[in-house]
Amino acid sequence: MSKKTTGKVRRSKLFSHLKDAAARLNAATKGPRRALYAIRRLRWLAQAASAAVSNGYLAGFARMKIYSGATKRFCVPGLNCYSCPGALFACPLGSLQAELASGEVRLPLYTLGFLFAFGAVLGRFVCGWLCPFGLVQDLIYKIPAPKKLRRLPGDRGLVMLRYLLLALLCILLPLTVVNIVGQGSPWFCKVVCPAGTLGAGLPLVLFGEGYADAAGIWFAIKVSTLVVILVLAALTYRPFCRYLCPLGAIYGLFNPISLVRLKFDRGKCISCGACERVCKLNISPHLTPGSTECIRCGDCVAVCPTRALYGLPRAGGQKGRVQEAGK
Amino acid sequence: MKRTAIALAVLAVGFIMLAVGTLRGEMQIVFEKAATVCLECIGIG
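Keeping their order, the protein sequence lines are chains A and B.
Position in the first sequence (from 1) plus 1393 gives the number in this note's numbering.
Position in the second sequence (from 1) plus 21 gives the number in this note's numbering.
What the hints contain is simulated information worked out from the structure, not anything from laboratory work.
Check before you lean on any hint, since a few could be wrong.
To be verified - No farther apart than 30 Å at their CA atoms in a straight line, the calculated lysine-lysine pairs in the BS3-like style are these:
1. K23/B x K1656/A
2. K1412/A x K1540/A
3. K1656/A x K1401/A
4. K1661/A x K1535/A
5. K1661/A x K23/B
As the list claims (entries may be wrong) - Listed next, with one range per pair, are the computed distances between beta-carbon atoms:
6. I27/B x K1412/A: 51 to 57 Å
7. V41/B x T1681/A: 33 to 39 Å
8. L1680/A x T25/B: 18 to 24 Å
9. T1681/A x T25/B: 29 to 35 Å
10. R1456/A x V34/B: 39 to 45 Å
11. V41/B x K1661/A: 41 to 47 Å
12. R1659/A x I27/B: 19 to 25 Å
This structure is a prediction, so every number in the text was calculated from the model and none was measured.
Positions of the beta carbon are idealized from the N, C-alpha and C atoms, including for glycine.
Please construct the entire structure, taking both the sequences and the accompanying hints into account.
What follows is the structure in structure tokens.
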């Protein structure tokens, strides 16, 4: 056989091996991939429904006037500015600051009650499934980028930033920086909140009457902050949730104990690493299932071949237990 | 079981805080803020 013919035969055998390997890999991962796509579709639906319920006052968008009905007494779980023309409910973070800034309340039991209730039941499941601004970031992340970052530089320090913002902008400053009549300001809403800028500031300033003339330096700062966050959201997964959101900081504290929580059965784990690879927040679910960073997206549960990870919604994909390695 | 018990206790505390906060008139504070345009929130105030 000539050298040319030998080379052709070798290449043909190599391609055949590769095709067989690809087919085996496809068969082995078909179930987990299907489960992953199914849970992501379910989460999209939940997020869209939550955003629609939170901002369902369509007449507000048409008239650029905010809703002032009875439901504004109650807080939604996620970050949703109550000055959004479509908002039907109050924002828990805005309400917390409003109570502290009112000068009448030192301990805002009403808003804390909502936060404790949502936290005890859901923890950061709110972030993964119910928060409208979480949905915005998920959509932005789908935009192709030359390189997606697993984490931003200084990730370890940045993660603590949201606790600092909670303590300083949401609690301390509203309580202490007050005017002549003893009223403070909602500093997080005033300086940072991108949900407020996107949902309320931009629509009202662009399409409302009289707001454009009053928009000044603070509006420019908030729009710049929003732009930076949205650009980062295209490059890395959920930067606002990971580094800046005080509401996520609060709910994260409930993660280890909430009724809806990620659970791990060590006896079933085969250390395949699938959960770590699929986690976009760089968590090791099998090591820290109660992580304060986890937004309970359910991806790790979907891909776990032995159902060692459970406790979150699971949709489609594998019906029963997949064969363990070697069997 | 222990974590579930803690979660239920926290939930109960949450409901109690909601009730006490409502009786103290805090619901009205939240409503007044949420039902009017928050100028600080939209970057004007």
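Each hint, compared with the structure:
1. K23/B x K1656/A: Given that 30 Å is the threshold and the Cα spacing comes to 13 Å, the pair holds.
2. K1412/A x K1540/A: holds (29 Å)
3. K1656/A x K1401/A: Roughly 53 Å between the alpha carbons, so the hint for K1656/A and K1401/A is violated.
4. K1661/A x K1535/A: violated (33 Å)
5. K1661/A x K23/B: Between K1661/A and K23/B the Cα gap is close to 22 Å, so the pair holds against 30 Å.
6. I27/B x K1412/A: 51 to 57 Å: Cβ of I27/B to Cβ of K1412/A: about 53 Å, so the range 51 to 57 Å holds.
7. V41/B x T1681/A: 33 to 39 Å: Given range 33 to 39 Å: holds, Cβ gap about 35 Å.
8. L1680/A x T25/B: 18 to 24 Å: Hint holds: Cβ distance 22 Å, inside 18 to 24 Å.
9. T1681/A x T25/B: 29 to 35 Å: violated (19 Å)
10. R1456/A x V34/B: 39 to 45 Å: At roughly 40 Å between Cβ atoms, V34/B and R1456/A fall inside 39 to 45 Å, so the hint holds.
11. V41/B x K1661/A: 41 to 47 Å: holds (44 Å)
12. R1659/A x I27/B: 19 to 25 Å: holds (21 Å)
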